[in-house]
Amino acid sequence: MLYAFELSGEHPQIPAAEVLAVLASAGLDASVFAAYLSCLVVDISSPDPTVSDDDIFKMMRDDMPDVLAMTHAISKVIDIVDVSEEAVLNAAEKFRAAAYLNEGETFVVRAKRLGDNSVLKSVDLEGRIGGRIFRQGFRASLKNADKVFRLTLTDKAVFGLLASAVDRGAYEFRSPQKKPFFYPGVLMPRVARALCNIAGVRPGTIAVDPFCGTAGILLEAGLLGAKAIGIDAQEKIIIGAGTNMGGYSRSTGQLLSKEERDLGIDLINYDLFTGDACGLPLADNCADAIVTDPPYGRSAAIKAESLERLYSESFKEMYRILKPGKKAIVVSEAEIEDFASGAGFSIETVYKQRVHRSLTRTISVMTKK
Numbered sequence: 013m014l015y016a017f018e019l020s021g022e023h024p025q026i027p028a029a030e031v032l033a034v035l036a037s038a039g040l041d042a043s044v045f046a047a048y049l050s051c052l053v054v055d056i057s058s059p060d061p062t063v064s065d066d067d068i069f070k071m072m073r074d075d076m077p078d079v080l081a082m083t084h085a086i087s088k089v090i091d092i093v094d095v096s097e098e099a100v101l102n103a104a105e106k107f108r109a110a111a112y113l114n115e116g117e118t119f120v121v122r123a124k125r126l127g128d129n130s131v132l133k134s135v136d137l138e139g140r141i142g143g144r145i146f147r148q149g150f151r152a153s154l155k156n157a158d159k160v161f162r163l164t165l166t167d168k169a170v171f172g173l174l175a176s177a178v179d180r181g182a183y184e185f186r187s188p189q190k191k192p193f194f195y196p197g198v199l200m201p202r203v204a205r206a207l208c209n210i211a212g213v214r215p216g217t218i219a220v221d222p223f224c225g226t227a228g229i230l231l232e233a234g235l236l237g238a239k240a241i242g243i244d245a246q247e248k249i250i251i252g253a254g255t256n257m258g259g260y261s262r263s264t265g266q267l268l269s270k271e272e273r274d275l276g277i278d279l280i281n282y283d284l285f286t287g288d289a290c291g292l293p294l295a296d297n298c299a300d301a302i303v304t305d306p307p308y309g310r311s312a313a314i315k316a317e318s319l320e321r322l323y324s325e326s327f328k329e330m331y332r333i334l335k336p337g338k339k340a341i342v343v344s345e346a347e348i349e350d351f352a353s354g355a356g357f358s359i360e361t362v363y364k365q366r367v368h369r370s371l372t373r374t375i376s377v378m379t380k381k
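Those letters in the sequence shown? Residues 13 to 381, by this note's numbering.
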C-alpha cells in the first residue's frame with residue numbers, strides 16, 4: 013500500500029530518513045517507491061498478518077502526526093500521473109469515489125504545490141476534480157468534509173486520500189526562547205525530534221544525552237515516551253534543564269500549569285545528573301539511543317584537559333553505555349569520524365546542516381557494532 017509523505021524543506025535528507033525510521037520503529041515494512049521533490053512515496057505493509065490495510069491507515073491517521081516533526085501531511089495514494097491538466101483530469105475521470113466514500117459522507121478536494129512548482133497554477137483543479145466526484149453522487153463540504161482528497165503537485169501529480177496533517181506549530185511553542193529556562197545555541201525542537209526518531213527513540217526506550225545542556229533533545233525524547241537521562245558538567249545548567257523537563261505535559265507537549273506541576277500530573281519520565289561525559293554514571297549497555305550536541309569551543313566549563321580528550325573519552329563512554337546494534341547521533345561543528353571509529357562505532361550516515369554562513373553542523377549517525 014503506497015503512502016505519500018509531504019516533507020519539509022529543512023534538510024534534503026533528514027525528513028525522509030525520519031519517516032523511514034519511524035515506520036520501522038512502528039514495526040512496519042517500508043520501502044521507498046519514489047522520491048520526488050519534498051514528497052516521499054513509501055510502500056508500507058506489516059509483517060503481522062493480523063494487521064490490515066485499515067489498521068495501517070489508522071496508524072497513519074492517529075499515531076504518526078504526534079511523532080513526525082519534518083512531515084507536513086500523509087496521504088494514502090490513489091494514483092500517480094504526470095503533472096499536466098490532461099493527465100490529472102483523466103485520472104480523476106477514472107477515479108471511483110465509492111471505494112473511499114461511504115454513503116452519506118461528504119468530501120473536499122485540496123491541491124498542494126510543493127517547492128517552486130508553478131505548473132497548473134491557474135487551473136481550478138480542486139473544483140474540476142470535485143465536480144467529477146460530485147457527479148458520482150457524493151456531496152462536497154468545503155468546511156467540515158468527512159474525507160479529504162489531496163492532490164500533491166511535485167515532480168509528479170500524486171492523488172490520494174488524506175490520512176493526517178501534522179501540527180508543526182506545536183514545535184514552535186517549544187522553541188528555545190519560549191521554554192521556562194533559556195540558553196542560546198541549542199537545537200530547534202523539530203531537528204531534535206527528527207534526530208530522536210532516527211535514533212530509534214520510542215515509548216519504553218532509554219534515551220541518553222551526555223551533554224544535555226538545557227534538555228532540548230531530552231524533552232523531545234521524553235515526549236516520545238522514552239525514559240530521558242541527561243548529564244551536563246554545569247550544575248546551573250542541570251537545574252535549568254530540570255525546569256524545562258518538568259514544565260511540559262508528557263501527553264500534549266504543552267506547558268503545564270503550576271497546579272499541574274505541583275500535583276505531578278502528566279510529567280515526563282527523566283533523570284538528570286551533574287557529571288562528566290568522560291565518566292558517565294551509567295551501566296554498560298543500558299541505553300537504547302543516544303542523541304547529543306557536544307560543546308565545541310563554545311563552553312568555558314568543560315571538565316576535560318582539552319576538547320580532543322573530551323571527545324575521545326566521551327565517545328568511548330557513549331559506546332560503553334549503548335546497547336549493541338543501537339544508534340548514537342552526534343551533532344558537532346567538527347568532524348568526528350576519528351573519535352567515533354576510535355571508540356568502536358560504525359558510522360552509518362553523515363548529514364551536513366548549514367545553520368548560517370559561518371556555521372555548518374555535522375550530524376553523524378553511528379551504530380554500536
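Where hints are given, some of them may not hold.
Derived EDC-like pairs: lysine to aspartate or glutamate, alpha-carbon spacing no greater than 16 Å straight-line [to be verified]:
#, residue 1, residue 2
1, K338, D296
2, K381, D288
3, K124, D167
4, K106, D94
5, K239, D300
6, K335, D296
7, K159, E138
8, K159, D278
9, K159, E115
10, K159, E117
11, K133, D167
12, K124, E105
13, K239, D278
Derived CB-CB ranges, DEER-like [said to hold, decoys possible]:
#, residue 1, residue 2, range
14, T62, R108, 45 to 51 Å
15, I359, P24, 16 to 22 Å
16, S263, R108, 35 to 41 Å
17, A110, D296, 55 to 61 Å
18, S263, D283, 42 to 48 Å
19, A110, L154, 19 to 25 Å
20, K335, K133, 57 to 63 Å
21, D350, K70, 42 to 48 Å
Source of the hints: derived by calculation from the structure; they are not laboratory data.
Positions of the beta carbon are idealized from the N, C-alpha and C atoms, including for glycine.
Okay, the hints, checked on the actual structure:
| no. | hint | in the structure |
| --- | --- | --- |
| 1 | K338 with D296 | holds, 13 Å |
| 2 | K381 with D288 | violated, 24 Å |
| 3 | K124 with D167 | holds, 12 Å |
| 4 | K106 with D94 | holds, 15 Å |
| 5 | K239 with D300 | holds, 10 Å |
| 6 | K335 with D296 | holds, 8 Å |
| 7 | K159 with E138 | holds, 14 Å |
| 8 | K159 with D278 | violated, 33 Å |
| 9 | K159 with E115 | holds, 12 Å |
| 10 | K159 with E117 | holds, 7 Å |
| 11 | K133 with D167 | holds, 14 Å |
| 12 | K124 with E105 | violated, 20 Å |
| 13 | K239 with D278 | holds, 14 Å |
| 14 | T62 with R108: 45 to 51 Å | violated, 28 Å |
| 15 | I359 with P24: 16 to 22 Å | holds, 19 Å |
| 16 | S263 with R108: 35 to 41 Å | holds, 39 Å |
| 17 | A110 with D296: 55 to 61 Å | holds, 59 Å |
| 18 | S263 with D283: 42 to 48 Å | violated, 20 Å |
| 19 | A110 with L154: 19 to 25 Å | holds, 21 Å |
| 20 | K335 with K133: 57 to 63 Å | violated, 51 Å |
| 21 | D350 with K70: 42 to 48 Å | holds, 46 Å |
The earlier numbered hints that this structure contradicts are 2, 8, 12, 14, 18, 20.
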